[in-house]
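Chemist: What follows is each chain in one-letter form.
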Amino acid sequence: DVKVTQSSRYLVKRTGEKVFLECVQDMDHENMFWYRQDPGLGLRLIYFSYDVKMKEKGDIPEGYSVSREKKERFSLILESASTNQTSMYLCASSPMTSGRANEQFFGPGTRLTVL
Amino acid sequence: GDSVTQMEGPVTLSEEAFLTINCTYTATGYPSLFWYVQYPGEGLQLLLKATKADDKGSNKGFEATYRKETTSFHLEKGSVQVSDSAVYFCALRPLGEAGTALIFGKGTTLSVSS
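Taken in sequence, the protein lines are chains A and B. Going by our numbering, the first sequence opens with residue 23, and the numbers climb by one from there. Going by our numbering, the second sequence opens with residue 14, and the numbers climb by one from there.
Watch out, some of these pointers could steer you wrong.
Distance ranges between label pairs, derived from CB positions [to be verified]:
hint	chain 1	residue 1	chain 2	residue 2	range
1	A	Glu78	B	Val95	15 to 25 Å
2	A	Val74	B	Glu28	45 to 55 Å
3	B	Gly54	A	Glu91	23 to 33 Å
4	A	Lys92	B	Gly91	43 to 53 Å
Calculated cross-link-like contacts (lysine to any residue; reagent style SDA-like; alpha-carbon spacing at most 25 Å) [claimed, not checked]:
hint	chain 1	residue 1	chain 2	residue 2
5	A	Lys25	B	Ala66
6	B	Lys119	B	Gln58
7	A	Lys25	B	Gln58
Source of the hints: derived by calculation from the structure; they are not laboratory data. For glycine and all other residues, C-beta sits at the position ideal for the given N, C-alpha and C.
Could you build the full structure based on these sequences and the hints that come with them?
Modeler: What follows is the structure, given as structure tokens:
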């Protein structure tokens, strides 16, 4: 059974703290993604990675960075958390094949609250 | 750029009612199209997909047909159940590299009462 896991389901942090969100997939997928989900805005892409040590900015990268040192792990880093980063964060992965039907597999999400 | 527009919710139905959630897209060429579902407290899971014009995706009683002429991929179910209550997202994968991220609509919340 394919699986994407995220390190925490719920997280509460203080303004200015450095926050790490971890994502691990066991499907040997090349591509990994970080989204944030907010009511009325849907899913917005923060960063994605198509290979180890490679990263690409998504639509809303400001205030975030990422790290991909191993193929199975993709970390999202909030260098200095702010209240407007309170959100649901979703990690996803997909294979790098030529199939047009390649879906993304999602983790359960981390609900981050910044006080 | 490519985009997805889906009907705003919430959609409130009684059990056994017919469901339609509209989704239209703007894209170059022939993108792949997806419907994802998010049950309360969970991540997204794929509901169905279609990769070319006139393809029909189906799963768990849900169906959607890829309509190139109207650039639409509407989700339908003939008889909804309380357990279908969830948020539904329409998404497309643009033409190009296989690693391209999906583009999502804003989601439609469905609430089914008994």
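Chemist: Now, for every hint given, state plainly whether the structure supports it.
Modeler: Hints and how they fare:
1. Between A/Glu78 and B/Val95 the CB atoms are about 41 Å apart, so this pair departs from the stated range of 15 to 25 Å.
2. In this structure the supplied range 45 to 55 Å holds for A/Val74 paired with B/Glu28, their Cβ-Cβ distance being about 48 Å.
3. Look at B/Gly54 against A/Glu91: about 30 Å separates their beta carbons, and that is inside 23 to 33 Å.
4. Here the CB-CB span from A/Lys92 to B/Gly91 is close to 46 Å, well matched to the stated 43 to 53 Å.
5. Restraint check for A/Lys25 and B/Ala66: the C-alpha separation of about 31 Å exceeds 25 Å, so the hint is violated.
6. At roughly 16 Å between alpha-carbon atoms, B/Lys119 and B/Gln58 fall within 25 Å of each other, so this suggested pair holds.
7. For the given pair, A/Lys25 sits about 11 Å from B/Gln58 by alpha-carbon distance, which is consistent with the 25 Å threshold.
In this structure, the earlier hints numbered 1 and 5 are contradicted, and the remaining ones agree with it.
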